[in-house]
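Asks: Read off the chains here:
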Amino acid sequence: MLGKFGIALLSLVLVAAANSPMANSPEQAGDISSKNATAIEAYRAGDYSTAEAVWISALEEDLATADRGQVLYNIGNAVYRQGRVTEAIGWYTSCIGATPRDGDAWNNLEFVRREAELEPADRGDLRSTVARILSSVDRSEAGWMMLLCIALWTFALTMEAVRGGSLWRRLAFLGFLAVLFSSAPLAWQLSTESEHPEAMILEQPAAALRTEPGETHPAIAQVGAGSRVDLLDELGDWVRVETELGERGWAPRSMVFELR
Amino acid sequence: MGLLSSAPSAQSSASYSARLSTGLARLGEELSILITIENAAGSVDRVPKVTDLEIGPIGSPFHSENISIVGARRVATSSMTWRISVRPLALGEYEIPPIGITVDGERISTKPMPLTVVEDLKGAELGFFDVSVSSGSLVEKMPFELEMLFGWDVGMSGKVDYANLILPWWGNLGELLELESPPSLASRLPRINLNGSDTITVEEIGIRAREGREFRTFRLRRVFLPTRPAELNLSQPFLEFGRQGQRPIFGNGRKKESFFVAGDPIVLSIGNLPNEGQPLDYTGAVGMFDVRADVDTRDVDVGESIKLNVTWSGEGNFMFFDPPQLDRDEAFEEFRVFGSANREKGLDRRTIEFDVAPLKDTIKEIPPVSLSVYDPSKGEFTSIKTSPIRIRVRALENEVLLDDDGEGSGVQTDIEDIQTSALGTSGAGSSMRSPDLLTLGLLSGGVLVSWLALRTQIRRRRGDPNGPLERRRRRARKQLARDLAKASSSKDELKALNDFLAARSRESQVSWVGRDPVEHLTDAFGDTSERLAKVIGRLERGAYASSKNGDEATPESELLELADQLIRSGL
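Protein sequence lines correspond, in order, to chains A and B.
The opening position of the first sequence corresponds to residue 1 in our numbering, with each subsequent residue numbered one higher.
The opening position of the second sequence corresponds to residue 1 in our numbering, with each subsequent residue numbered one higher.
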């Protein structure tokens, strides 16, 4: 019985391994690496706009999550060095979305938010702390973590069925709790996920949302810089957004940064 | 009994009476209106209101029935008596107006009852009662203390065995919120009567001299918080004291000698807290405050914490104001204020500890801490300030002085540098697919269902896997190895093998003794059963041989190998 279970568990691991990331082809890897080197060289030389452009072109490649986070972070630095402080907030926010445990990105995000006189991204209250803990793993990590917990729980349940006894019963209960807790990050990310692309308001101190695209139309709401919005539609240089409070309106594209 | 029931009976005619227990009463003394209705159903409708007389309420009547034999006739009488208490609150001549009663459905009024109230001169001579308020100027949100001092002549001590405080306004002070009483330092805390029907704990504060005489003195203190502006009339309180003898064995009444002494009535004028002139930093303090401040250390380095204790005392609402915010005070702009904490919060004082740190070595003193207070005695808002406290602030060695923005000479804060790890080595992102929540949820459900099915199946087939038989079965192979290691003869080996077979087949230990394995084991065991039979036969011969020569040793490894083969075959 145990032997069969061991085989099943091994199969699970093999399936997981089969799904693990595949390395880029050598040509592709070389191209990305060369772009990165060029951008770093430009950045060190103080040519921040070139560095920004090269890193943005690297984003078009099929990057691993960690690499993507690094590129987004570096673009944030290049943008900040060019004096576009609120846009840098957007890049660092995108970076944290990709690699949520990147300490440098958090430091820079809080620094530029302070410089832009915005409240901290992590306000330190209970809600912010819980949100930061739950989003500290990305979707993929959360999925694998939960799968691992399910495997351990399955093992404990099988042993409880075969051997019985209070020890295995307790371990099975602990396994259930582990599955429950490990599902929290995934559930949190699903609940906060929007069907529309996310964006951030850049305009200081606030951007006016208008009923229709055009400066002549009446403003129906004000959205503060740094606020997260959903992108609903676009028309020329205008985008239609929806705030966290459910207000919908049009704003100039230049006032809105689309999170990557 | 037979005589009584056979006698003709008569019902007496209906009548009523109303009288005052006494027409001459002492101030504070409780007397009664007694209304009796005989031989009829009736009720007392309502009691009249008389200024300075506390009348009522109407309680339940006392019923009595009497049967007597008069001239061979049985006469039955019944009566209902209401006792309505009356307590005079001022001296004077009174007339209690007619009281409406109903007798057998007919509404009748009693006659007016005259009452003369005189001062209890003896009581006033033997006792005293003083009432005072802690503050002359009362204002809403500022607590005040009501103190009552009372007692009787020391010479009366042996003659007084009860006391009753009569406070007509007790429990009817709607505008006042009673706070926790101040702690008592008295050694004795006797309980005395309150308004005749309740008891209350008072402080006995010993013998006090008063106008050349000594009195055994008691004190009752209460602290109230006025919740809104009002004018409250606290009518005259009384102290009743005296001796009530033992209840007699026969009869109802007990001999009671009591004295009454009155206190002065009090009028409480509670003013309102004005909005006009209220400072912007006002945090709700009301009262007449004194303030002092001290620190835990006066010689510190730049940035080092100083505990600044500020104590406000006097009369006021120390429990109800918020501490001043030093971090918004311009005088403290060269300090970092870490926070504040209450160290003492009582009725007469409040101590708050502020945690501050000087940011420059040029600072020479801790500036005054100011608190805006409404002073009811002056009727205006004032600012109470502590005295500045001189301190010495030393610069740190190798210090880089930070200005308000955290920046200083040669040091600036900046973003973290770019990340320069090589890209393209950790794999493409798109292939990193993890199972989604739906799949994982279904998987969890599947696991749960499979577990239930497996568990049910196992228990149906073999019972509880944690039961003694199953545990013995699982341990059988190890136990066999252990037993064979200890075995010194074929008999021991035979017993170990039988125990093993019994454990694996979930049977009792002796069930395999003398059993033919070939007949018992199914075809699934094939040659193994015949091999087992041979081994058992050999062991039995050795075990029961008449001489030692017949005892051929069977290798332990052969028996264990046979056991493994049996387990593999499904035993």
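It cannot be assumed that every hint is accurate.
[Said to hold, decoys possible] Here are the simulated distance ranges between beta carbons:
1. 110/A with 394/B: 46 to 54 Å
2. 509/B with 169/A: 25 to 33 Å
3. 169/B with 206/A: 57 to 65 Å
4. 222/A with 345/B: 27 to 35 Å
5. 509/B with 167/A: 37 to 45 Å
6. 44/A with 449/B: 28 to 36 Å
[Unchecked claim] Cβ-to-Cβ under 8 Å is the rule here; a few derived chain A residues that face chain B:
7. 32
8. 33
9. 36
10. 74
11. 82
12. 108
13. 150
14. 155
15. 161
16. 170
17. 171
18. 173
The hints are simulated quantities; they were obtained by calculation from the structure and are not laboratory data.
Don't be surprised by glycine CBs; every beta carbon is placed ideally from N, CA and C.
Asks: Could you tell me which of the hints above the structure violates, numbers in ascending order?
Replies: Violated hints (numbers, rising): 1, 4, 5, 6, 11, 14, 16, 17 and 18; every other hint is consistent with the structure.
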